[in-house]
Amino acid sequence: MPIDIDVICSRYKKGSREALLPLLQEIQEEAGYLSEEAVVAVGRYVGLPSSKVYGISTFYDHFRFMPKGRYHLQVCGGTTCHIEGAVSLLREIEKLLKIRDGQVTRDGMFSLQVVNCMGACSKAPIIAINGEFHTVLSAGDLALLFDVIRKRA
Amino acid sequence: MSDREFLISEILTAKAPDHGQAALKRLAEIRRERIKRPVIYVGTGSCGIVAGADKTLQATRNYLSEKNIDAETVEVGCIGLCSAEPLLDVQLPGKSRISFRNIDESLVEPVLDDIFNGIVPQDYVLGQFFNPLHQAYQGVDDIGQLPFFKHQHRIVLANCGKIDPQNIADYIARGGYQTYLKCLSNYTAEKVCDIIDESGLRGRGGGGYPTGRKWKTAHNTVSDQKYLVCNAAESDPGAFMDRAVIEGDPHALLEGIAIAAYAIGATKTYIYIMADYQQAIRHLRTAIAQMKEYGLLGYNIFKSGIDLQINVVVSPGAFVCGEETALINSIQGKRAMPMPKPPHPAVEGLFRKPTVINNVETLSNVTYILKNGPQAFNSIGTATSKGTKVFAVTGKSAVTGLIEVEMGTTLKNLVFKIAGGIKDEKQFKALQIGGPSGSCVPEQQLSLPVDYESLWEAGAIMGSGGIVVMDENTCMVDMVKFFMDFLQQESCGKCIPCREGTRRIHEILENITRRPPSETGHEVLERFKGIMQLEGLSEVIRDTSLCGLGQTAPNPLVSAMKWFRDEFEEHIFDRRCKAGVCKELRVFYIEVDKCTGCVACLRKCPTNAIVGQPRQPHFIIEDKCIGCGICYDVCKFVAITIK
Ligand SMILES: Cc1cc2nc3c(=O)[nH]c(=O)nc-3n(C[C@H](O)[C@H](O)[C@H](O)COP(=O)(O)O)c2cc1C
Numbered sequence: 001m002p003i004d005i006d007v008i009c010s011r012y013k014k015g016s017r018e019a020l021l022p023l024l025q026e027i028q029e030e031a032g033y034l035s036e037e038a039v040v041a042v043g044r045y046v047g048l049p050s051s052k053v054y055g056i057s058t059f060y061d062h063f064r065f066m067p068k069g070r071y072h073l074q075v076c077g078g079t080t081c082h083i084e085g086a087v088s089l090l091r092e093i094e095k096l097l098k099i100r101d102g103q104v105t106r107d108g109m110f111s112l113q114v115v116n117c118m119g120a121c122s123k124a125p126i127i128a129i130n131g132e133f134h135t136v137l138s139a140g141d142l143a144l145l146f147d148v149i150r151k152r153a
Numbered sequence: 001m002s003d004r005e006f007l008i009s010e011i012l013t014a015k016a017p018d019h020g021q022a023a024l025k026r027l028a029e030i031r032r033e034r035i036k037r038p039v040i041y042v043g044t045g046s047c048g049i050v051a052g053a054d055k056t057l058q059a060t061r062n063y064l065s066e067k068n069i070d071a072e073t074v075e076v077g078c079i080g081l082c083s084a085e086p087l088l089d090v091q092l093p094g095k096s097r098i099s100f101r102n103i104d105e106s107l108v109e110p111v112l113d114d115i116f117n118g119i120v121p122q123d124y125v126l127g128q129f130f131n132p133l134h135q136a137y138q139g140v141d142d143i144g145q146l147p148f149f150k151h152q153h154r155i156v157l158a159n160c161g162k163i164d165p166q167n168i169a170d171y172i173a174r175g176g177y178q179t180y181l182k183c184l185s186n187y188t189a190e191k192v193c194d195i196i197d198e199s200g201l202r203g204r205g206g207g208g209y210p211t212g213r214k215w216k217t218a219h220n221t222v223s224d225q226k227y228l229v230c231n232a233a234e235s236d237p238g239a240f241m242d243r244a245v246i247e248g249d250p251h252a253l254l255e256g257i258a259i260a261a262y263a264i265g266a267t268k269t270y271i272y273i274m275a276d277y278q279q280a281i282r283h284l285r286t287a288i289a290q291m292k293e294y295g296l297l298g299y300n301i302f303k304s305g306i307d308l309q310i311n312v313v314v315s316p317g318a319f320v321c322g323e324e325t326a327l328i329n330s331i332q333g334k335r336a337m338p339m340p341k342p343p344h345p346a347v348e349g350l351f352r353k354p355t356v357i358n359n360v361e362t363l364s365n366v367t368y369i370l371k372n373g374p375q376a377f378n379s380i381g382t383a384t385s386k387g388t389k390v391f392a393v394t395g396k397s398a399v400t401g402l403i404e405v406e407m408g409t410t411l412k413n414l415v416f417k418i419a420g421g422i423k424d425e426k427q428f429k430a431l432q433i434g435g436p437s438g439s440c441v442p443e444q445q446l447s448l449p450v451d452y453e454s455l456w457e458a459g460a461i462m463g464s465g466g467i468v469v470m471d472e473n474t475c476m477v478d479m480v481k482f483f484m485d486f487l488q489q490e491s492c493g494k495c496i497p498c499r500e501g502t503r504r505i506h507e508i509l510e511n512i513t514r515r516p517p518s519e520t521g522h523e524v525l526e527r528f529k530g531i532m533q534l535e536g537l538s539e540v541i542r543d544t545s546l547c548g549l550g551q552t553a554p555n556p557l558v559s560a561m562k563w564f565r566d567e568f569e570e571h572i573f574d575r576r577c578k579a580g581v582c583k584e585l586r587v588f589y590i591e592v593d594k595c596t597g598c599v600a601c602l603r604k605c606p607t608n609a610i611v612g613q614p615r616q617p618h619f620i621i622e623d624k625c626i627g628c629g630i631c632y633d634v635c636k637f638v639a640i641t642i643k
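Each protein sequence line maps, in turn, to chains A and B.
The first sequence begins at 1 in this note's numbering and counts up one residue at a time.
The second sequence begins at 1 in this note's numbering and counts up one residue at a time.
Derived from the structure by calculation, the hints contain no laboratory data.
There's no promise every hint is true.
Below, in silico cross-link-like pairs of lysine to aspartate or glutamate (DMTMM-like), each with a Cα-Cα straight-line distance of 20 Å or less [unchecked claim]:
id, chain 1, residue 1, chain 2, residue 2
1, B, K268, A, E18
2, B, K578, B, D424
3, A, K68, A, D101
4, B, K55, A, E132
5, A, K14, A, E26
6, B, K268, B, E348
7, B, K95, B, D54
8, B, K423, B, E472
9, B, K583, B, E472
10, B, K95, B, E66
11, A, K95, B, D633
12, A, K68, A, E37
13, B, K334, A, E26
14, B, K191, B, D307
15, B, K583, A, E92
16, A, K95, B, E584
17, B, K583, A, E94
18, B, K216, B, E190
19, B, K334, A, D101
20, B, K353, A, E18
21, B, K55, B, E72
22, B, K604, A, E92
Bear in mind that the values here come from a model prediction, so they are computed numbers and not experimental data.
Excised from the complex, chain A in its bound form (with noise of 0.2 Å):
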């Protein structure tokens, strides 16, 4: 979905440094990403080098320099559920969908990610798709529930 970067940032005041993050935050709600266009257009309008805009923004876990798949995966790896099995789970989607942490699959359909901590610790380990959380999976489950989404789309 293309988006206008321009209007996005004529919503922020001009050359304000305080504007920077909140701006990349709005930009990646829209386009899903930070574009290399992006990041350039971001720095002309608060008045920093590009470098340094690139540079700030890979800093913070957040933002993402590669659109999402259709599937957005979140692993939590958060302390109860990395002891409640979450990296065997990790392993497990690695295998079946031959992707890693902040790739995407071939096709754009899946694409994985592994967070901090969801906050549901009470039903670790915990994964989500697209937002929607999925609890107390085994290997089985897993592999059903991607075939589910591949077939449905």
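Since the structure of chain A is provided, determine the placement of chain B with the ligand on it from the hints.
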């Protein structure tokens, strides 16, 4: 007269604190204590949603419209009993509010059918909320008497799960914002600082710095502009106290912020919150808009001459963003990297102006203190730690959720009395208190009281209040490796001891939880050198890092090595992981009498470590086995065991 007009003219601006009969009746109606039609409450905090509360809510609405029942549904926050989610409460006119646990969408219909027909579905009952205005159900426990709630002392969480978080009227009808207005009209700013100082309130964000003293520093610093920042970053994995407060009772925090801003003379305040906390952000924004509607924000609030502005800043997130100087940088649009102190933020902080930074829980205590007086607060707790502390207890305990206890309660009571001990009748091993840079506490130390000094002397920290309970199936080396991995990723990279040191520790731990590719000469030597240096390295990181992240980073390692040294030695010398967590150290055996010789494992073994003839028991060559576990997974006869 609308609720809003009523509350503003008769409650908020009323001179006398006692209200007439009519007003009291109306307040009870707003609080939903007097109702004309049934009310159904669904706990839709984030933890509830994960458990399926949104579906429960939808099913409830469908049920009501299908059966043509005129009832109100209210979404409430988390009451703290996460393992009982989704929670559904029903309040019928004249009857007490009764709470049901683990109600997924399929249970909505049977439970509501029963209760509307006067039957209590005993299987799902959690308890009922006693109220003198209501008729109680026979044979149903008082919720406050359940072991989980009985030993808690709730100040911060008092209203969570009970109040409608998206309705300011409910909050005001329970006495909300009256304390703020009382401060504006009756107390000077110094007086407010004094009261907080006297109460003994200390920062709940981890440091434990006396809040009153911090406020006074900022108050006494002369400047044209001062700021108050509420630290709602809560980036430590496994902690969700602050989120629950914001989701379940946002106005309690906002009133605390308003009072704090008045005390230090700030007119601009910020709430710095993680982008992940979508629902909390929504609730905050709604609550702030409602404050504006009621004239509690903006210029010249209730003709006091005081201005107040509250901004929500959404953090693009990292663990280090919670550190106060890093947070300041982040609000200013820079990388969240800590800065050396002094100058302390209270003297020179955001935009180089005096800035007080307080945690959500700290600020949520403020209203209680000013309402009930400092004595009410400092009579609770221990000599140096006053009041209560909220903990998020997760992991292997029978009950998981939010627990608010008086300072001085022992960890043992917390885990065994309130959280119900360990689930599945396993053995308690240790608990991790204070998040990834906290320490582990073994069984011998469970008699420690929660109190800043006692924990500190025992080598642990209070931290922000995350407690992860671990049982015998947890490997301590793996746990420490996990925390180190987290910390080395989250280290901002500014100072070398933290950036390089945490990475090296992680590497060394990786090495001892892995089978070395070769067991000869140089490599073995290197590996041992690393192990020998672990302790020295920890000391250097602790002593020379710039901010709290580095200074506390070695904590998990140091404490685990102190209490579970044998486990480390087992990993290093015997290459064994008793808990069976460190995958590559697992050793597999084939039980001769169970093996049928089906050759399934033999074919799959990637290193040809399995030998044997068809229909004869197989055998694993230990030296060749890499512990991948494929044979274990493919064996249909449970003949393969892990040692
Ligand atoms: C690495 C690191 C992470 C922190 N994370 C948080 C946090 O998530 N929330 C918080 O309130 N304080 C956090 N703190 C503590 C803050 O720096 C600061 O001490 C606190 O917000 C002060 O508020 P208080 O006096 O009310 O505790 C963190 C500190 C460090 C060193």
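Hint check:
Simply put, K268/B and E18/A have alpha-carbon atoms about 15 Å apart, close enough for the 20 Å limit, and the pair holds. The suggested pairing of K578/B with D424/B holds, with an alpha-carbon distance near 19 Å, which does not exceed 20 Å. In summary, the hint linking K68/A to D101/A is supported, as the alpha carbons are separated by about 12 Å, within the 20 Å threshold. With a C-alpha separation of about 11 Å, the suggested pair K55/B and E132/A falls inside the 20 Å cut-off, and the hint holds.
For the given pair, K14/A sits about 15 Å from E26/A by alpha-carbon distance, which is consistent with the 20 Å threshold. Under the criterion of a C-alpha separation no larger than 20 Å, the hint pairing K268/B with E348/B is consistent with the structure, at around 15 Å. Proposed proximity of K95/B and D54/B is contradicted: the alpha carbons are some 26 Å apart, above 20 Å. At roughly 11 Å between alpha-carbon atoms, K423/B and E472/B fall within 20 Å of each other, so this suggested pair holds.
Between K583/B and E472/B the CA atoms are separated by roughly 16 Å; this keeps the pair inside 20 Å, and the hint holds. Of the pairs offered as hints, the one joining K95/B and E66/B is violated, with about 24 Å between alpha carbons and a cut-off of 20 Å exceeded. For the given pair, K95/A sits about 15 Å from D633/B by alpha-carbon distance, which is consistent with the 20 Å threshold. Proposed proximity of K68/A and E37/A is supported: the alpha carbons are some 17 Å apart, at most 20 Å.
With a C-alpha separation of about 17 Å, the suggested pair K334/B and E26/A falls inside the 20 Å cut-off, and the hint holds. Between K191/B and D307/B the CA atoms are separated by roughly 19 Å; this keeps the pair inside 20 Å, and the hint holds. Taken as a hint, the K583/B and E92/A pair is honoured in the structure, with Cα atoms around 14 Å apart against an allowance of 20 Å. Restraint check for K95/A and E584/B: satisfied, since their Cα atoms lie roughly 18 Å apart, inside the 20 Å limit.
Taken as a hint, the K583/B and E94/A pair is honoured in the structure, with Cα atoms around 17 Å apart against an allowance of 20 Å. Of the supplied pair hints, the one linking K216/B and E190/B holds, its CA atoms being roughly 8 Å apart against a limit of 20 Å. Taken as a hint, the K334/B and D101/A pair is broken in the structure, with Cα atoms around 26 Å apart against an allowance of 20 Å. This hinted pair checks out: K353/B and E18/A have alpha carbons roughly 15 Å apart, not beyond 20 Å.
Our distance criterion of 20 Å between C-alpha atoms is met by K55/B and E72/B, whose separation comes to about 17 Å. For the proposed pair K604/B and E92/A, the alpha carbon gap of about 17 Å is at most 20 Å, so the pair holds.
Figure legend: structure checked against the earlier numbered hints; hints not met, in rising order: 7, 10, 19.
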